[in-house]
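Peer 1: These are the residues of each chain, in order.
4 protein chains.
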Amino acid sequence: MSRPTPLTRDDFPVFRSLQTRWSDNDLFGHMNNVVHYQLFDTAVNEWLIKLGLFDPHNSDIIGFVVETKCNYFSELAFPDRVAAGIRIDHLGTSSVRYGIALFREDEEIAAAQGHFIHVYVDRQTRKPKALPQNWRLELEDYLA
Amino acid sequence: MSRPTPLTRDDFPVFRSLQTRWSDNDLFGHMNNVVHYQLFDTAVNEWLIKLGLFDPHNSDIIGFVVETKCNYFSELAFPDRVAAGIRIDHLGTSSVRYGIALFREDEEIAAAQGHFIHVYVDRQTRKPKALPQNWRLELEDYLA
Amino acid sequence: MSRPTPLTRDDFPVFRSLQTRWSDNDLFGHMNNVVHYQLFDTAVNEWLIKLGLFDPHNSDIIGFVVETKCNYFSELAFPDRVAAGIRIDHLGTSSVRYGIALFREDEEIAAAQGHFIHVYVDRQTRKPKALPQNWRLELEDYLA
Amino acid sequence: MSRPTPLTRDDFPVFRSLQTRWSDNDLFGHMNNVVHYQLFDTAVNEWLIKLGLFDPHNSDIIGFVVETKCNYFSELAFPDRVAAGIRIDHLGTSSVRYGIALFREDEEIAAAQGHFIHVYVDRQTRKPKALPQNWRLELEDYLA
Numbered sequence: 001m002s003r004p005t006p007l008t009r010d011d012f013p014v015f016r017s018l019q020t021r022w023s024d025n026d027l028f029g030h031m032n033n034v035v036h037y038q039l040f041d042t043a044v045n046e047w048l049i050k051l052g053l054f055d056p057h058n059s060d061i062i063g064f065v066v067e068t069k070c071n072y073f074s075e076l077a078f079p080d081r082v083a084a085g086i087r088i089d090h091l092g093t094s095s096v097r098y099g100i101a102l103f104r105e106d107e108e109i110a111a112a113q114g115h116f117i118h119v120y121v122d123r124q125t126r127k128p129k130a131l132p133q134n135w136r137l138e139l140e141d142y143l144a
Numbered sequence: 001m002s003r004p005t006p007l008t009r010d011d012f013p014v015f016r017s018l019q020t021r022w023s024d025n026d027l028f029g030h031m032n033n034v035v036h037y038q039l040f041d042t043a044v045n046e047w048l049i050k051l052g053l054f055d056p057h058n059s060d061i062i063g064f065v066v067e068t069k070c071n072y073f074s075e076l077a078f079p080d081r082v083a084a085g086i087r088i089d090h091l092g093t094s095s096v097r098y099g100i101a102l103f104r105e106d107e108e109i110a111a112a113q114g115h116f117i118h119v120y121v122d123r124q125t126r127k128p129k130a131l132p133q134n135w136r137l138e139l140e141d142y143l144a
Numbered sequence: 001m002s003r004p005t006p007l008t009r010d011d012f013p014v015f016r017s018l019q020t021r022w023s024d025n026d027l028f029g030h031m032n033n034v035v036h037y038q039l040f041d042t043a044v045n046e047w048l049i050k051l052g053l054f055d056p057h058n059s060d061i062i063g064f065v066v067e068t069k070c071n072y073f074s075e076l077a078f079p080d081r082v083a084a085g086i087r088i089d090h091l092g093t094s095s096v097r098y099g100i101a102l103f104r105e106d107e108e109i110a111a112a113q114g115h116f117i118h119v120y121v122d123r124q125t126r127k128p129k130a131l132p133q134n135w136r137l138e139l140e141d142y143l144a
Numbered sequence: 001m002s003r004p005t006p007l008t009r010d011d012f013p014v015f016r017s018l019q020t021r022w023s024d025n026d027l028f029g030h031m032n033n034v035v036h037y038q039l040f041d042t043a044v045n046e047w048l049i050k051l052g053l054f055d056p057h058n059s060d061i062i063g064f065v066v067e068t069k070c071n072y073f074s075e076l077a078f079p080d081r082v083a084a085g086i087r088i089d090h091l092g093t094s095s096v097r098y099g100i101a102l103f104r105e106d107e108e109i110a111a112a113q114g115h116f117i118h119v120y121v122d123r124q125t126r127k128p129k130a131l132p133q134n135w136r137l138e139l140e141d142y143l144a
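If you read the protein sequences in the order shown, they are chains A, B, C and D. Quick note: the first sequence uses our numbering, first residue 1, plus one each step. Quick note: the second sequence uses our numbering, first residue 1, plus one each step. Quick note: the third sequence uses our numbering, first residue 1, plus one each step. Quick note: the fourth sequence uses our numbering, first residue 1, plus one each step.
Some hints here could point you the wrong way.
Same chains, same label: a pair holds when it works inside one copy or across any pair of copies.
[Stated by the list, open to error] Mimicking DMTMM-like on lysine to aspartate or glutamate, the simulated pairs with C-alpha atoms at most 20 angstroms apart in a straight line are:
hint	residue 1	residue 2
1	Lys127	Glu75
2	Lys50	Asp106
3	Lys50	Glu105
4	Lys69	Asp89
5	Lys50	Glu138
6	Lys50	Asp141
7	Lys127	Asp60
8	Lys50	Asp80
9	Lys129	Asp60
10	Lys50	Glu140
11	Lys129	Glu75
Think of the hints as simulated: they come from the structure by calculation, not from any bench. Remember, it's a predicted structure, so these values are computed and weren't measured experimentally.
Given the sequences, and given the hints that come with them, work out the whole structure.
Peer 2: Here it is as structure tokens:
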């Protein structure tokens, strides 16, 4: 079972600063593996909101997650601050693969990295829709 | 069923800035009532760590929660930033009642407020211990 | 700071059986105080759905939580099974106070107990609405 | 971006029945993608405890998660009951890859499927340890 090599900050064009919570630590005293995905979701959605692309309550399209993956290299724990690096791994017709890595405090080497794939669907019909042109133009700037 | 009056920022001597997460929003599009308590825990524990009183992994004493309460006045939601006001409502022999209010973005009136009571116990025996003198001296400065 | 006396199973007319999750345990090896409120929400909402009163996606009214409280008497931990006792503490015009206690496995004495108050609001306008007659008739049977 | 085919119940030798919680539903009214991993953790750890292999508080070895993945095919939502199918995808020297699928209510086709890889480490030193013989003998029966 081969494991990927940790990425570094140089591999990412944009970062979001994230807080940890008391309840993130599990029985073993470190951040539970599930919490990394809460941070992935939070980092990417905040970034899409800040870019003016996504509005959780009103956008015509919403992202349905069809795949997630994460590799864990070293421990994170409350009360660490975490930097989330974001890049676009792939832009499909109606899907986007977001690549994300989590860096502990000021470290250069990722503590964890992974991706999630959004398929964008119409908010009402929940059928896939082609990614709007303004999304495509904006996200292209962050392609890996 | 009478309801308390919302507190204001003037009622609190110290604040912590907290982030919300995508998963904090429930089906109704606002922060689920449970999340407020994650923020209470996070705000107080980070503050105790910053004061040099508490170390989650090594302190002789750890805080067991024996009571929590929260009143909700207005909605919070991801991606809001939240300010948590903290004060000491009561200092007992081995217990502390922490009063906390959550303020949305730059608002002056609390969106929610409540408290939790910690009984401090020995990390190994889990029996209550008198609050150490350095805790008492430090926390007295923040009595309501 | 006085503490209430733990209730027993005899104090409750109806029970829901609940599972714990790996992530419920915090650094101290027991269920984090926040999780109790996830169980309160789950027990009461499942019960309201089973009674045919509430439909999360389609009911005309939805419950907004305006107050929650919990007292903790003894530890719960994954993989415990938990029985949640439910009763109606108070029926208001548009509000209901649900009393809940959590019992570990087959124990008779509550490990934790508390309440939450729902104010029922119109799903669209989010303004309080009088509790419908069928809710009132059904819930009266469970008054403490 | 190719997607795997959903597995069926016939692909799994053992199942655990899991509950959903109110807070599992996100803004879009379905189970947030993060919750699937809470269910993976819960299903496998409960099963290892039931087999007598793992004790969260006392086992000599504990499992550190080094990789997780999930593909999502159809929506789950509170108050669904979920069946988690478990199998052993791979038994390494000190690691195990657990394959898991989540089935909604009585459905035969997986709503989501994935895996996580545990590297087993000494509880004290946190260095990898060879999987004990009793673990190996037991888990071999569930190899995919």
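Peer 1: Give a verdict on every hint.
Peer 2: Now the hints, each set against the structure:
1. Taking the shortest Cα distances, Lys127 and Glu75 sit within 20 angstroms of each other only across copies (13 angstroms), while inside one copy they are farther apart (39 angstroms).
2. Taking the shortest alpha-carbon separations for Lys50 and Asp106, only the inter-copy value of 18 angstroms comes in at or below 20 angstroms, while the best intra-copy value is 23 angstroms.
3. In this assembly of identical chains, Lys50 and Glu105 lie within 20 angstroms of each other by CA distance solely across copies; the values are 16 angstroms between and 23 angstroms within a copy.
4. Both within a single protomer and between protomers do Lys69 and Asp89 lie at most 20 angstroms apart by alpha-carbon distance, with minima of 13 angstroms and 17 angstroms respectively.
5. Within a single copy, Lys50 and Glu138 get their C-alpha atoms as close as 12 angstroms, which meets the 20 angstroms cut-off; across copies the closest is 40 angstroms, which misses it.
6. For the identical chains of this complex, Lys50 and Asp141 are intra-copy neighbours only, at 15 angstroms inside a copy versus 39 angstroms across copies, given an alpha-carbon limit of 20 angstroms.
7. In this assembly of identical chains, the alpha carbons of Lys127 and Asp60 lie at most 20 angstroms apart only when taken from the same copy (12 angstroms versus 26 angstroms across copies).
8. In this homomeric assembly, Lys50 and Asp80 come within 20 angstroms of each other (Cα to Cα) only across copies, at 12 angstroms, whereas the closest approach inside a single copy is 24 angstroms.
9. Only within a single protomer do Lys129 and Asp60 lie at most 20 angstroms apart by alpha-carbon distance; the minimum there is 10 angstroms, versus 30 angstroms between protomers.
10. Taking identical chains as interchangeable, the C-alpha atoms of Lys50 and Glu140 lie at most 20 angstroms apart only when both belong to the same chain, with a minimum of 16 angstroms there against 41 angstroms between chains.
11. Proximity of Lys129 and Glu75 under a CA criterion of 20 angstroms is satisfied inter-copy only: 18 angstroms between copies versus 38 angstroms inside one chain copy.
Checked against the numbered hints above, the structure violates none of them.
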